[in-house]
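Protein chains: 4
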Amino acid sequence: MLAIRKGSATKGVAMYEIDEPKELPEGWALVEVWKASICGTDVHIYQWNEWAQKRMNPPVTIGHEFVGKVLKVNGGLGKVHEGDIVSAESHVVCHTCRECRRNMYHACENTKIIGVHMDGAFAEYIAIPEENLVKLPPSVPLEAGSVLEPFGNAVHTVQSADVRGKKVVVTGVGPIGVMAIPVAKALGATLVIATDLSPYRLQLASNVGADVTINVKEKDPVRVVNDLGGADVVLEMSGSQSALNQGLDMIVPGGEMCILGLPDNNVSLDIANNVVSKGITIHGITGRRLWETWDLGLALVSSGKVDLTKVITHQFDFKDYQKGFDAMMSGNSGKVVLNIK
Amino acid sequence: MLAIRKGSATKGVAMYEIDEPKELPEGWALVEVWKASICGTDVHIYQWNEWAQKRMNPPVTIGHEFVGKVLKVNGGLGKVHEGDIVSAESHVVCHTCRECRRNMYHACENTKIIGVHMDGAFAEYIAIPEENLVKLPPSVPLEAGSVLEPFGNAVHTVQSADVRGKKVVVTGVGPIGVMAIPVAKALGATLVIATDLSPYRLQLASNVGADVTINVKEKDPVRVVNDLGGADVVLEMSGSQSALNQGLDMIVPGGEMCILGLPDNNVSLDIANNVVSKGITIHGITGRRLWETWDLGLALVSSGKVDLTKVITHQFDFKDYQKGFDAMMSGNSGKVVLNIK
Amino acid sequence: MLAIRKGSATKGVAMYEIDEPKELPEGWALVEVWKASICGTDVHIYQWNEWAQKRMNPPVTIGHEFVGKVLKVNGGLGKVHEGDIVSAESHVVCHTCRECRRNMYHACENTKIIGVHMDGAFAEYIAIPEENLVKLPPSVPLEAGSVLEPFGNAVHTVQSADVRGKKVVVTGVGPIGVMAIPVAKALGATLVIATDLSPYRLQLASNVGADVTINVKEKDPVRVVNDLGGADVVLEMSGSQSALNQGLDMIVPGGEMCILGLPDNNVSLDIANNVVSKGITIHGITGRRLWETWDLGLALVSSGKVDLTKVITHQFDFKDYQKGFDAMMSGNSGKVVLNIK
Amino acid sequence: MLAIRKGSATKGVAMYEIDEPKELPEGWALVEVWKASICGTDVHIYQWNEWAQKRMNPPVTIGHEFVGKVLKVNGGLGKVHEGDIVSAESHVVCHTCRECRRNMYHACENTKIIGVHMDGAFAEYIAIPEENLVKLPPSVPLEAGSVLEPFGNAVHTVQSADVRGKKVVVTGVGPIGVMAIPVAKALGATLVIATDLSPYRLQLASNVGADVTINVKEKDPVRVVNDLGGADVVLEMSGSQSALNQGLDMIVPGGEMCILGLPDNNVSLDIANNVVSKGITIHGITGRRLWETWDLGLALVSSGKVDLTKVITHQFDFKDYQKGFDAMMSGNSGKVVLNIK
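As given, the protein sequences belong to chains C, S, W and X, one line each in that order.
The first sequence lines up with residues 208 to 548 when you count with my numbering.
The second sequence lines up with residues 208 to 548 when you count with my numbering.
The third sequence lines up with residues 208 to 548 when you count with my numbering.
The fourth sequence lines up with residues 208 to 548 when you count with my numbering.
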């Protein structure tokens, strides 16, 4: 079968002809991959940055956001069956660590990630633990199915705060930030403001429902937001130190900040004035809650309350994967999908 | 009457003979002060640091932690009556800002503080809004009554996290950190660890129930706590950058940090690894919740679950107030109480 | 001025010419009433049932749902000013009981109700504590402003459960049940089902967004809801014993029920199978949270997420109040508004 | 090996000599049982009441509360290993139903119970899914280990409410009600009141820390509790209709009731006055939260905050099991333990 792999410890990825998964361990399933979407993580692997070098041991088939059809299940829990259309949680958890015992699987201390620690989904077939599969209702468009995993990050971020009747600012509207916008509105936010440096991304934010967009190269976002009454909730998606500080500056006393963006380095924050004196709550967000986030995300998409096709800006044939990576690296894209079958 | 006042915009405070409060505005009460306790804020005012210079306009009678007897009420809500023994919330709130409307009075945007913005409690009599008074049950010792206000900070910090069955680390055991220890134990913490630089304070922490104390000059607190299984909850009471970082280092994935300590400057934090990837929640803590914190604190003290007399290490006659300030500034003290009547 | 009053302890109400409110106590405001809406409570007073007989001491001007303009404020908190367009919370709370101290003003033990315990809003002018007034943003239609108080009951009911991505059943779609439907959808419910006996009300439920309506005279609501996967959340608005039992029958394990409807008598429930074994949570709902419910409700209405004009089915001139009561008593109405100015 | 079994569909149980468990399915463990405790459910099985007749298909080895040593594990998650001292969760859950997916395993729709649906723990050896085992820290006394499962019911009940600084009433102090008392105190309750009909049980309640006991045959519990200021939280452990109504009568507005007791029939409740108008929250409690309840319970016991040996009133040799059942059926017992090895 064809597979996009990190073949060696150098920059880039390539398509290879490799064997289909042969042995299916007890509790695993074999899935025919139909569509897969490129994550920022895949770009890090492509670029072979420090994060990737620390975690990967090539050769590995990459990719972890996909939709496909179940071909076979070896035992398992009975969550999915042959013929089901499925997407997948990319984190394989241990079930025994302190966090798993507290149902905080998203913070599992022994997580393995599909397409990083084991062969992934940029391939015609993938072998994967059945418990990680999620059966899709027929009302979920296939394209949407291929981006449910990163959508889960957006849902997890929004669901961690109380956005009901609130003014919500999304700082950084890359693909996950963009997806957080319709989620916030669907869960009751009455004003959603997006900030970014990129006119392309801000336009995309408007397309999916942002009420106000602010290009931080042109305007002081703190002033604009304060003129609108301040932010009740800030969703930090950029990993930028200035966005973190601006977010804390614009947040009202008693407000909430959810941080999903990963800063490259330590960040310097005014804890005294912006966190303690304002009585702010900060939520660090990682992964998706198993399975509350998936259930909520699927309910929003299958009911039509969130239309994920609007965030998919590019689709390419599987063999044109390089165009997909180029689109991702240009910064001028939402989600980029590869059509495998 | 006698009163300790900030007489002018220079270092120090002094005792003056001044008039008793004459006019009692509608809704205010007159209280005979029996005992008052010296806060770190009073020390800042004494030292006339930047914080104090920004907020005060001398001459002002200082002090805001006290117990006394109600002499008169002009109208008011009927919370207290003549002859009641009372303590007081030091923050006078506006009732109309966004935070007050959401019952987040502790984050009121227009707070006035007794002994800072208006004449305070280091005096034989104080005039104060009746709504700020809290009637004490007879089972509360008078000394304890004089430290209920800072005790409320400790209670507010602990009640903001879930400490039931948890390992709790208190970083910084000045007076409020010390008071947080018995509160955490009373609310279900099964192991409480205290860290500080001062042997005196660590001994006090042991006296009030800390299971483990760590002098951070002698041992690496992160290593010691991790050897004990990590911290489920960190209560940051020191305002120190290193304590903040150590606290985040020792906290387990999914854990909570409550920050009451006010750093002097911006602090540099590893948000990516210690907040986002671990899925931590951080609570900024300011003031006391009106009146949930007072109700919980009073229940703990009046039932005997928390013995506040153990944290009062010094008592002086009112006229020996300088000895009280000296004790506070030595670092070798818990709470210091002035006996006024 | 003209006022609709309960003149004596017999059935009916009548319009009288009475003096305008003369003295305005400290902290009270005088409001010119523009529109007022008839509540089920007003109908109980009209019919002079047991509930009304126990609480009222005629003569009293009735009515407590209204919108109007502030003419004068005597002191007060500064929440509203002359010329402001306002609606009002109908419960005047004591601020000192245990519930008020815990910010549960809606459960105040000493509540007084406007139009029941003191002269109300079916009059050209009303005197009312300023703290009970709520200033309306210009984007709130005046008709909507006159029904914000009962809308608050609907908002309070929905906000007490987690409806995000959930299947929500509203049992009983009188005016408040009907208003709960768009609130549930605005806060993230993905399927809203309405049950009632009245085709008129079920049609109204459809008009405001119910996805499914069930006439319980024609179909077994438990079977229909179970075929749709069961109810995650039931909002009980009917006060009917059979609706309570059906609601508990259709709710999934771990689900939530919010009860606003007041049964006339004791009700017989299968606590063992439907509450304990299913691990259900039941929330009794009374009044509105001060002021979180008002803030959330106003945000939903002023942002356009909820259109309250759709639930107002009848408007009459003030003098035609009898037609208004007749419409209410017919059962074939949503909210009924009297135009006073 | 020896085992106490329900041999046929008639009253009583008997000891049999049967084969040791032979085959150990993948993921199961073999445990040598050291001590086991008799549950009310075992008494129902003994008496062969309707509940038992509906669920059991004799012959089955009964018993599900035990402590023992792991002899062998076939695969599994790695939670326990050979030689570990363990107790066990009695509910075997499906992991795929809606409730399991939401981490509400205690409400799993497909639960199987050890000693009811499969051979249980009143035997020298038991085969059991490894995921159901819980390794005990050395500081847990063996007797305590044998009652951790029912203790979990008590912990789950208390942890479902906020008891911090609260007045808590336990209605019905059979073994689980008794165990709830020290849990409530350990988690911050400042006054715990126990009600029952049995002087023996009320004495036991006092022994484990109840501040007040009320024999409802002698005094009106509603009056006594109201004289003490009313109940903030009621833990209903009796399954009695009168206790449910008294509990709702004595609860303060905004209070909470947790119901673990299973009434035999429908109960008649004053929903209007006691649930809706008071704004009460009611929690139905079933089983134990996996694994938060176990973690909290173990923390309380292993830290010494709760001493479970005080609730064990009788211990018998395994062969004297009839004496154990007699003690349970007398009503004059706390927990009754059988010493198997």
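Derived from the structure by calculation, the hints contain no laboratory data.
There could be a bad hint or two in this list.
Which copy is meant is left open, so a pair is good if it fits within one copy or across any two.
Claimed, not checked - When the alpha-carbon atoms are kept at most 30 Å apart in a straight line, the in silico DSBU-like pairs for lysine-lysine are as follows:
| # | residue 1 | residue 2 |
| --- | --- | --- |
| 1 | K342 | K319 |
| 2 | K485 | K548 |
| 3 | K530 | K286 |
| 4 | K229 | K342 |
| 5 | K426 | K530 |
| 6 | K517 | K424 |
| 7 | K319 | K279 |
| 8 | K485 | K218 |
| 9 | K261 | K485 |
| 10 | K319 | K286 |
| 11 | K342 | K286 |
| 12 | K530 | K485 |
| 13 | K279 | K218 |
| 14 | K279 | K517 |
| 15 | K485 | K279 |
| 16 | K517 | K530 |
Exercise. When the hints from earlier in the document are held up against this structure, which numbers fail?
Worked result: Checked against the structure, the hints that fail are numbers 2, 3, 5, 12, 13, 14 and 15, while the rest are satisfied.
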